[in-house]
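Student: For reference, the chains in residue letters:
Protein chains: 2
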Amino acid sequence: MKINNLPYRSLWVTADNLAVEIIDQTQLPHFFTTVKLHSMRDAERAIRDMQVRGAPLIGVTAAYGVALSMRHHASDAALTATCDMLLKARPTAVNLRWAVERMRAILSPLAAEQRAEAAWLEAGQMADEDVAVNAAIGQHGLPLIQAAYQRTGKPVNILTHCNAGWLATVDWGTALAPIYAAYDAGIPLHVWVDETRPRNQGASLTAWELAQHGIPHTLIVDNTGGHLMQHGWVDLAIVGCDRATARGDVCNKIGTYLKALAAFDNHVPFYVALPTSTIDWTLQDGVAEIPIEQRAENEVTHITGQTDEGEICTVRITPAGCRAANYSFDVTPARLVTGLITEKGMVAANEVGMAKLLT
Amino acid sequence: MKINNLPYRSLWVTADNLAVEIIDQTQLPHFFTTVKLHSMRDAERAIRDMQVRGAPLIGVTAAYGVALSMRHHASDAALTATCDMLLKARPTAVNLRWAVERMRAILSPLAAEQRAEAAWLEAGQMADEDVAVNAAIGQHGLPLIQAAYQRTGKPVNILTHCNAGWLATVDWGTALAPIYAAYDAGIPLHVWVDETRPRNQGASLTAWELAQHGIPHTLIVDNTGGHLMQHGWVDLAIVGCDRATARGDVCNKIGTYLKALAAFDNHVPFYVALPTSTIDWTLQDGVAEIPIEQRAENEVTHITGQTDEGEICTVRITPAGCRAANYSFDVTPARLVTGLITEKGMVAANEVGMAKLLT
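Chains as they are written, first to last, in the numbering used here: chain U, 439 to 797; chain A, 439 to 797.
Since the hints were derived computationally from the structure, they do not count as laboratory data. One should not assume that every hint holds.
[Stated by the list, open to error] So, partial list: chain A residues that the calculated Cβ filter (under 10 Å) puts toward chain U:
| hint | residue |
| --- | --- |
| 1 | A515 |
| 2 | G562 |
| 3 | R761 |
[What the hints assert, rightly or not] Below, computed lysine to any residue pairings styled on SDA-like, alpha-carbon distance capped at 25 Å:
| hint | chain 1 | residue 1 | chain 2 | residue 2 |
| --- | --- | --- | --- | --- |
| 4 | A | K592 | U | R754 |
| 5 | A | K440 | U | R754 |
| 6 | A | K592 | U | Y765 |
| 7 | A | K592 | U | K782 |
| 8 | A | K782 | A | L795 |
| 9 | A | K782 | A | A684 |
| 10 | A | K782 | A | P707 |
| 11 | A | K592 | U | A763 |
| 12 | U | K440 | A | A758 |
| 13 | A | K440 | U | Q732 |
| 14 | A | K592 | U | I730 |
| 15 | A | K440 | U | A758 |
| 16 | A | K592 | U | A570 |
| 17 | A | K526 | A | E737 |
| 18 | U | K782 | U | H476 |
| 19 | U | K592 | A | I730 |
| 20 | U | K440 | A | A726 |
| 21 | U | K592 | A | H628 |
| 22 | U | K440 | A | G759 |
| 23 | U | K592 | A | V725 |
| 24 | A | K592 | U | Q732 |
| 25 | A | K440 | U | G759 |
| 26 | U | K592 | A | A763 |
Because the structure is a prediction, the values reported are computed rather than measured. Every residue gets a Cβ at the ideal spot worked out from N, C-alpha and C, and that includes glycine.
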C-alpha cells in the first residue's frame with residue numbers, strides 16, 4: 439500500500455526492534471500520524487480506542503502486545519494475565535481471540551526465558567502471513583470483478599461498507615484486496631463508499647486509502663445503497679467480516695445486513711472477503727450466538743471533523759441530553775451471501791462450502 | 439404540539455396578517471428561531487433551503503407563497519410565474535404540486551383584484567385541513583399501537599425514519615401522529631429514531647419534537663434498524679411519505695427502502711402514514727417513474743453541530759476533495775408495505791386498497 443507514494447504497512451517494527459509502530463487511525467483522514475507501542479498496555483489501549491481496528495489488524499496488534507509483555511514478565515502467570523487482558527479489549531472480533539490463543543499455544547510450552555524472542559518472531563510471522571493471506575484474497579476475488587467488466591464493458595461499480603482495506607489489515611485489506619488487484623490489473627472500476635456511521639470508517643478510512651491508491655470512488659451515506667442497486671448502478675458488493683460462523687453467517691459492521699438485503703432484493707452479488715482465521719467454528723447461528731459490542735453513546739451523538747480553518751472540532755448533532763444506542767455490528771444470514779472470498783479460494787456461504795475450508 | 443409547554447404550529451399567520459411565520463428548521467435542535475415570510479420569494483427560499491421541509495408543510499408554505507405573491511401582482515401572468523417558480527423549489531414532494539395547482543385552480547377564474555384575499559383564505563383553509571387530516575391519521579394509526587401493547591403487555595417499540603412529525607406538517611405530523619395519539623391515550627411506548635443521514639432530520643428534528651412532548655426515544659444510526667428487528671426489539675415501523683403511486687409504491691427519505699426490507703425479512707409490520715394529497719395518481723411504478731432529487735455534495739461531506747462551548751460549527755468529515763453523491767429519496771415497493779395510514783383510514787398498499795381512497 440502507498441501513502442503519498444511511499445510503500446507502507448499499517449503496522450511495522452521500529453528500526454531499533456524495541457517497539458511496534460502503527461498509524462493512528464483515529465486521526466485519519468485529517469492527519470497522518472503514527473504511534474509507537476512499547477508495552478502490552480499500549481497495544482491494549484490502541485485496540486480498545488480503535489487507533490487500530492479491523493479484525494486482522496487487531497489480531498496482529500494483540501500478538502505484538504503479547505510479545506511486548508513477554509520482554510518484561512514471561513512467567514506463566516504473566517502470560518495468562520497478558521492474554522486475558524488483551525482478549526477483553528474488543529469483544530466481537532474473533533481474530534483477536536485467534537491471535538492471542540495462537541501466541542499462548544506457542545509460548546506456554548516454552549521456558550520463561552525463551553518466550554520473549556519466540557513471541558516476537560511469532561508476531562512477525564503472523565504479520566507476514568496476514569499480508570500473504572490478503573494478497574491471496576485479492577487474487578481469488580479479482581475474477582469476479584473481471585467477469586463483471588467482461589459482461590458489461592463498462593467500469594465496474596462496486597459497493598463497500600465500513601473499512602476492510604489495508605488499514606484494517608497489515609496490507610492489502612480483505613474486501614478491498616480484490617479491488618486493488620483489479621485496479622492494478624487495469625480493469626476500470628469505481629467504488630461506492632458507504633460513510634459507515636457511527637465512527638464513519640468509510641468516510642474517514644476507505645475514502646482516504648482509495649484516494650491514496652488513485653482509485654475512483656464516490657462517498658454515499660449508508661442509506662443510499664438500496665437506491666443505487668434498484669437502478670442497476672451497483673455490479674457487486676464486497677464487504678469484510680469480523681466473525682463468521684460454521685454455516686456461513688457473517689458478523690460485520692452494523693448496517694451490513696441492510697445492504698445484503700438490498701443486494702438480494704435486486705439480484706446484485708454480495709460477497710464477503712475474509713481470512714479463514716475469522717471463522718468461529720464453534721458457532722452456527724450468528725444472530726443468536728454472536729455477542730454484539732455496544733459502544734459509547736457519544737459516538738452517535740457527537741462527531742469530529744475539520745473546519746475550513748483546518749482545526750479539528752467535535753460537535754454534538756443531537757438535542758442536548760438525547761440518549762443513543764450504539765450497536766457496532768450486525769449479523770448477515772448466510773442465505774443473503776453470494777460467496778465468501780478467502781485465501782483458500784471462494785466458497786458458498788453454507789455448511790458444505792465452509793467445510794471445504796477445513797481441509 | 440408543544441414547545442417549552444406552549445402550544446405551537448409549525449407555520450402561522452402573524453398578528454398583523456401581513457406575513458407568515460415559520461420555525462427555521464435548519465437551526466434545530468440547537469436553536470429555536472422563527473422567520474417571517476413576507477413574499478413569494480421568501481416562501482420559495484424557505485422551501486428550497488429547507489427551513490421548512492416535509493411534504494405537507496412544503497405544500498402549505500407554497501400556498502402561502504402564492505397568496506403573498508397575489509398581494510403584489512395578481513395578473514394571470516403573475517399567477518403563472520408564481521406557480522411555476524414555486525413548483526421548482528423542490529422536485530420530489532408531490533404535495534408541492536398539489537398545493538400550487540389547487541391555488542391556481544381557485545384563483546384562475548377570479549378577477550385579479552379578488553385573488554389576494556381569496557388566496558389568503560384558501561392557504562389558511564389548507565393549513566387547517568392539514569391539521570385535521572393529520573389528527574385523523576393519528577386516530578387511524580392509534581389502534582395499531584394499541585394492539586401491539588395488548589399483545590405484549592410491554593411498552594411498544596416503534597421505529598421511524600427521518601422526520602414525519604409535526605415539524606413536517608402544520609401540526610401532529612403523519613408518521614408521528616399515531617405515536618402522539620397513542621402516548622396521549624396512555625399507551626406506554628418507546629421510539630427508535632433513525633438519525634437519517636444526510637441532513638439528520640431524525641437526530642435534529644424527530645428527537646427534538648419527541649423530547650418536547652416527553653415521549654421516550656433512543657437515537658440510532660441508520661445502520662441499526664435491521665439488527666434491532668432481528669432481535670425482536672421493534673414491534674412496528676411507521677414512516678412518512680413524499681410521494682406515493684397509484685399502486686402503493688412509496689417515495690420517502692433515502693434509506694426508507696432498506697428499513698422496509700429489514701421489516702419484511704423479520705415480519706415486523708411496516709406502515710406508511712400519508713395524507714391522500716401525497717398520492718400521485720398518474721404514476722404506477724415508483725422506482726421507474728419518480729424523479730429523485732439530488733442535492734449538494736456538502737450535505738454528505740460536511741456536518742454542522744454544536745461544540746461544548748455552545749458554538750455552531752461546520753466540519754468536513756471526509757478527506758479533502760472527496761466526492762460524494764447525495765440522493766435525497768428512495769422508493770419502497772408496495773410489496774414491502776404492510777399498510778398505508780391515511781386520513782380516510784388504513785388501506786392495503788396495492789391497487790385495490792388505493793382505489794378505496796378515491797371514493
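Student: Compare the structure with each hint and give your call.
Tutor: Structure-based check of all given hints:
Checking A515 (chain A) against chain U: minimum C-beta separation of about 39 Å lies over 10 Å; hint violated. At a threshold of 10 Å, the smallest CB-CB gap from G562 (chain A) to chain U is about 31 Å, leaving the interface hint violated. Look at R761 (chain A): its Cβ gets to within about 5 Å of chain U, closer than 10 Å, so that hint holds up. Only pairs whose Cα atoms come within 25 Å are accepted, and K592 (chain A) paired with R754 (chain U) is rejected, the gap being roughly 32 Å.
Proximity of K440 (chain A) to R754 (chain U) is assessed by CA-CA distance (about 24 Å); at most 25 Å being required, the pair is judged to hold. Taken as a hint, the K592 (chain A) and Y765 (chain U) pair is honoured in the structure, with Cα atoms around 22 Å apart against an allowance of 25 Å. Taking the CA atoms of K592 (chain A) and K782 (chain U), the gap is about 49 Å. The hint is violated against a cut of 25 Å. Between the alpha carbons of K782 (chain A) and L795 (chain A) the distance comes to roughly 7 Å, so the proposed pair stays at or under 25 Å and holds.
With a C-alpha separation of about 16 Å, the suggested pair K782 (chain A) and A684 (chain A) falls inside the 25 Å cut-off, and the hint holds. A distance of roughly 20 Å separates the Cα atoms of K782 (chain A) and P707 (chain A); the hinted pair therefore holds under the 25 Å criterion. A threshold of 25 Å between alpha carbons decides the hint, and for K592 (chain A) with A763 (chain U) the separation of about 19 Å falls inside it, so the pair holds. In summary, the hint linking K440 (chain U) to A758 (chain A) is supported, as the alpha carbons are separated by about 18 Å, within the 25 Å threshold.
For the suggested pair K440 (chain A) and Q732 (chain U), the alpha carbons sit about 34 Å apart, so the restraint of at most 25 Å is broken. With a CA separation close to 24 Å, the supplied pair K592 (chain A) and I730 (chain U) stays within the 25 Å bound. Simply put, K440 (chain A) and A758 (chain U) have alpha-carbon atoms about 18 Å apart, close enough for the 25 Å limit, and the pair holds. Our distance criterion of 25 Å between C-alpha atoms is broken by K592 (chain A) and A570 (chain U), whose separation comes to about 52 Å.
Between the alpha carbons of K526 (chain A) and E737 (chain A) the distance comes to roughly 20 Å, so the proposed pair stays at or under 25 Å and holds. Of the pairs offered as hints, the one joining K782 (chain U) and H476 (chain U) is violated, with about 34 Å between alpha carbons and a cut-off of 25 Å exceeded. For the hint pairing K592 (chain U) with I730 (chain A), the CA-to-CA distance comes to about 24 Å; that is within 25 Å, so the pair holds. As the CA atoms of K440 (chain U) and A726 (chain A) are separated by approximately 42 Å, the hinted pair breaks the 25 Å bound.
Taking the CA atoms of K592 (chain U) and H628 (chain A), the gap is about 48 Å. The hint is violated against a cut of 25 Å. Note on K440 (chain U) and G759 (chain A): the hinted pairing holds, with a Cα-Cα distance of about 18 Å set against a maximum of 25 Å. For the given pair, K592 (chain U) sits about 23 Å from V725 (chain A) by alpha-carbon distance, which is consistent with the 25 Å threshold. Annotation: proposed proximity of K592 (chain A) to Q732 (chain U) holds, straight-line Cα distance about 23 Å (limit 25 Å).
Using a Cα cut-off of 25 Å, the hinted pair K440 (chain A) and G759 (chain U) holds, with the two alpha carbons roughly 18 Å apart. Distance check on the hinted pair: K592 (chain U) and A763 (chain A) sit about 19 Å apart at the alpha-carbon level, within 25 Å; holds.
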